[in-house]
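Chemist: Given next are the chains, with one letter for each unit.
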Amino acid sequence: DVKVTQSSRYLVKRTGEKVFLECVQDMDHENMFWYRQDPGLGLRLIYFSYDVKMKEKGDIPEGYSVSREKKERFSLILESASTNQTSMYLCASSLEGTQYFGPGTRLTVL
Amino acid sequence: DQQVKQNSPSLSVQEGRISILNCDYTNSMFDYFLWYKKYPAEGPTFLISISSIKDKNEDGRFTVFLNKSAKHLSLHIVPSQPGDSAVYFCAASVGGSARQLTFGSGTQLTVLP
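So the protein lines, in turn, are chains A and B.
Position 62 of the first sequence, counting from 1, maps to 64 under my numbering, and the rest follow consecutively.
Position 90 of the second sequence, counting from 1, maps to 181 under my numbering, and the rest follow consecutively.
Hints were generated in silico from the structure; no laboratory data involved.
C-beta atoms are modelled at their ideal positions from N, C-alpha and C, and glycine is treated no differently.
Any given hint could be a false lead.
In silico EDC-like pairs for lysine to aspartate or glutamate, Cα to Cα no more than 16 Å straight-line [stated by the list, open to error]:
| no. | chain 1 | residue 1 | chain 2 | residue 2 |
| --- | --- | --- | --- | --- |
| 1 | A | Lys73 | A | Asp40 |
| 2 | B | Lys96 | A | Asp40 |
| 3 | A | Lys5 | B | Glu133 |
Coverage of chain B stretches by chain A, computed from C-beta distances (three or more under 8 Å per stretch; other residues unrestricted) [what the hints assert, rightly or not]:
| no. | segment |
| --- | --- |
| 4 | 107-118 |
| 5 | 162-172 |
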């Protein structure tokens, strides 16, 4: 059974803090993705990775970075959190074809 | 500029009737389309997909129709059930795979008992 897990379901951080969001998949998928979901805007791609140590910018990479040191793990980093980064963050993985999503992390930046 | 558009933010349907969710796209390079369903506080789950070489794909109560000339796809749910109440996202990609998806803004479907 497909499994994508995210380290936290809910997170509250202060402006300026460094934030790490972790995503792990157990399907040996090569491709991993980070999205944010905001009302009326759908899912917007932040970064993605096709292989270990490889990363590509998505549509809205500003203010974010990523790390993929192992195939199963893809981390999203907010170097200095800001209030406009309050959102639902979704991780996904795929081999080819369908993307499978984790449960999401609701991040609030105060 | 939104390349994938879902112009109806919400839709209400009576249980047992048909639900039709619509999606338009502008990028003629898109050749693979998917529908996802999302419940609150959960990640999206894959529902059904269609390649541009087809105009219809069916899976149980769910059917996706693709009209390439109109750059339009639709998801039909028949019969609708209260458990179908969720946000539905359409998504599209180039190159025949879901390597990089472009999502619409979603449609909230409410199925009334």
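Chemist: Which numbered hints turn out to be false for this structure?
Modeler: 1, 4 and 5
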